[in-house]
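Please model the complete structure; the sequences and the hints are all you need to start from.
Letter by letter, the sequence shown follows residues 10 to 493 in the numbering used here.
Treat the hints loosely; a few may be bogus.
With a straight-line cut-off of 27 Å between C-alpha atoms, the simulated DSS-like cross-links for lysine-lysine are [to be verified]: (1) LYS393 - LYS492; (2) LYS267 - LYS136; (3) LYS267 - LYS63; (4) LYS219 - LYS58; (5) LYS137 - LYS156; (6) LYS136 - LYS350.
Rather than coming from a laboratory, the hints here were simulated on the basis of the structure.
Please read these numbers as outputs of a predicted model, since none were measured by experiment.
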Amino acid sequence: MNKFKLVILLTALLSSCNFSKDINNNRNSSSNKAGQNKNYLTTENDLAKVLENKKLVAVTDYGPTSYFVYHGEPMGYQYDFLKRFTEYLGVELDLRLEENLLTSIEMLENGEIDLIAMGLTVTNKRKKYFEFTDPILYTRQVLVQRKPEGFEKMRTLDEIESHLIRNTLFLAGKTIYVKQGTIYKNQLSAIANNIGDSINIIEDERWTDKLIDAVSDGEIDYTIADEHIALVNAREHRNIDVKTPVSFPQKVSWAAQKGQTELVDTINYWLSNYKKKLEFRLLYNKYFLNKRSTRIAKSTYNSYSGGMLSPYDEYLKKYSSIVGWDWRLIASLMYQESEFKINAKSWVGAYGLMQLMPSVMEIYGLDTTANAEQQIKAGIKHIKYQLSLVPEEVSDSIQRIKFALAGYNSGMGHILDARRLAEKYGKNPNMWDDNVDDFVLKLSNSKYYHDPVVEYGYMRGEETYNLVSEVIDRYNQYKKLIKN
Numbered sequence: 010m011n012k013f014k015l016v017i018l019l020t021a022l023l024s025s026c027n028f029s030k031d032i033n034n035n036r037n038s039s040s041n042k043a044g045q046n047k048n049y050l051t052t053e054n055d056l057a058k059v060l061e062n063k064k065l066v067a068v069t070d071y072g073p074t075s076y077f078v079y080h081g082e083p084m085g086y087q088y089d090f091l092k093r094f095t096e097y098l099g100v101e102l103d104l105r106l107e108e109n110l111l112t113s114i115e116m117l118e119n120g121e122i123d124l125i126a127m128g129l130t131v132t133n134k135r136k137k138y139f140e141f142t143d144p145i146l147y148t149r150q151v152l153v154q155r156k157p158e159g160f161e162k163m164r165t166l167d168e169i170e171s172h173l174i175r176n177t178l179f180l181a182g183k184t185i186y187v188k189q190g191t192i193y194k195n196q197l198s199a200i201a202n203n204i205g206d207s208i209n210i211i212e213d214e215r216w217t218d219k220l221i222d223a224v225s226d227g228e229i230d231y232t233i234a235d236e237h238i239a240l241v242n243a244r245e246h247r248n249i250d251v252k253t254p255v256s257f258p259q260k261v262s263w264a265a266q267k268g269q270t271e272l273v274d275t276i277n278y279w280l281s282n283y284k285k286k287l288e289f290r291l292l293y294n295k296y297f298l299n300k301r302s303t304r305i306a307k308s309t310y311n312s313y314s315g316g317m318l319s320p321y322d323e324y325l326k327k328y329s330s331i332v333g334w335d336w337r338l339i340a341s342l343m344y345q346e347s348e349f350k351i352n353a354k355s356w357v358g359a360y361g362l363m364q365l366m367p368s369v370m371e372i373y374g375l376d377t378t379a380n381a382e383q384q385i386k387a388g389i390k391h392i393k394y395q396l397s398l399v400p401e402e403v404s405d406s407i408q409r410i411k412f413a414l415a416g417y418n419s420g421m422g423h424i425l426d427a428r429r430l431a432e433k434y435g436k437n438p439n440m441w442d443d444n445v446d447d448f449v450l451k452l453s454n455s456k457y458y459h460d461p462v463v464e465y466g467y468m469r470g471e472e473t474y475n476l477v478s479e480v481i482d483r484y485n486q487y488k489k490l491i492k493n
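Structure below.
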């Protein structure tokens, strides 16, 4: 899409959705690059492109229900939904983060992404410019207000109700804070017009759940939220009320470029079957109805609310310099090995946070009585040792990390066997992806583990193959969600 068409599209959407930021100030005027960035998406069949590239690129927002990390595990309604679809399609998920919807629209039109997956409501205006999927959920906007002081001691529900707004007529003259860049301002403006009075609408940079916190704390009196988000927060804040609707029910869908019907039809086909499964209902309950979702949303170990990955972040940061790796990469490995469980024990006898074998723990002067700090320090030393065993010919720093991760899991001897096989069969012995990793998988086949170049015999290569892929993928998500 050229620059002129992009400006026309965004101008139309600005008028319907009341976005507040000028397009020329967004993404360093990224619209200037429109038509030049179609390295991934074009007006061709996007489904074919996704399958060819083996990757679906989507954008979502960072929030307590959409996408976050909890105790080291990437989670969120949008994230889980996208993962299930990409698993069905047999491709990887490349998930980008963006809080501003206008910027996400530019990313879609510039060909940087396949889908917008960030709670986008379907309107007739938007349908002129996007292909929408069938709804992934339904919602409506509600008024978030504080219950009266001392409501717990009030004798009747009517006494509490007398202090609350239940009719939008009584929004006249009120000051209501809304998340900047959402349709909430437009919704309130329509209400003001319908009631023939003014509403003082203040756009705020804070996320909606932070504005809900501000209502609960008495900093502000009112905000607007999608009902499913408001209900999660209402379980945490008993002093807020979210029962007053300010809109009709609305569809929430994913959006693709206009004309990309094959991709959208494929999503809809999958979605129609997925909605029939119990898993679909459980997924919704997990994030919006289950009481545990509230504890997760407010946890110290929720990347969004608490900003921590684990109880052991301090030690990971302290000792990561031993090997010179980002502490979040080591955290990803530690989650893979033990899910941050200090007394974890595998069927082969590996123990603790870093899943060290007893013989390895002995090298570092430890046993099963070691505390978390000792375990982590020893584990990082062992990573450094594995890294030292990676041949110098593997010169790329990312490839060296992957070889070291593989060696940490299975022992470097097996990885060097796979490397020799790769060289023998015409692959690149210094490249992990689609080269050495292929032969790690083949080392469970007698044809290969009996090969004369193999010194260490049979290995369960699938575990190592998956570990490297999953650790790197999780690390990439940690980098997006957790500050270094």
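| query | Would the pair LYS267 and LYS136 pass a check requiring their Cα atoms to be no farther apart than 27 Å? | reply | It holds: about 8 Å lies between the C-alpha atoms, which stays within 27 Å.
| Between LYS136 and LYS350, is the straight-line Cα distance small enough, at 27 Å or below? | With Cα atoms ~48 Å apart, LYS136 and LYS350 exceed 27 Å; violated.
| task | Please work out if LYS267 and LYS63 have their alpha carbons no farther apart than 27 Å. | result | 22 Å, holds
| request: For the pair supplied as a hint, LYS219 and LYS58, confirm whether the alpha-carbon distance does not exceed 27 Å. | output: At roughly 39 Å apart (the allowed maximum being 27 Å), LYS58 and LYS219 break the hint.
| Keeping to a limit of 27 Å between CA atoms, is the pair of LYS393 and LYS492 held or broken? | 24 Å, holds
| said: With the threshold set at 27 Å, check whether the alpha-carbon distance from LYS137 to LYS156 stays at or below it. | reply: 41 Å, violated
Consistency note: the structure conflicts with the earlier hints numbered 4, 5, 6.
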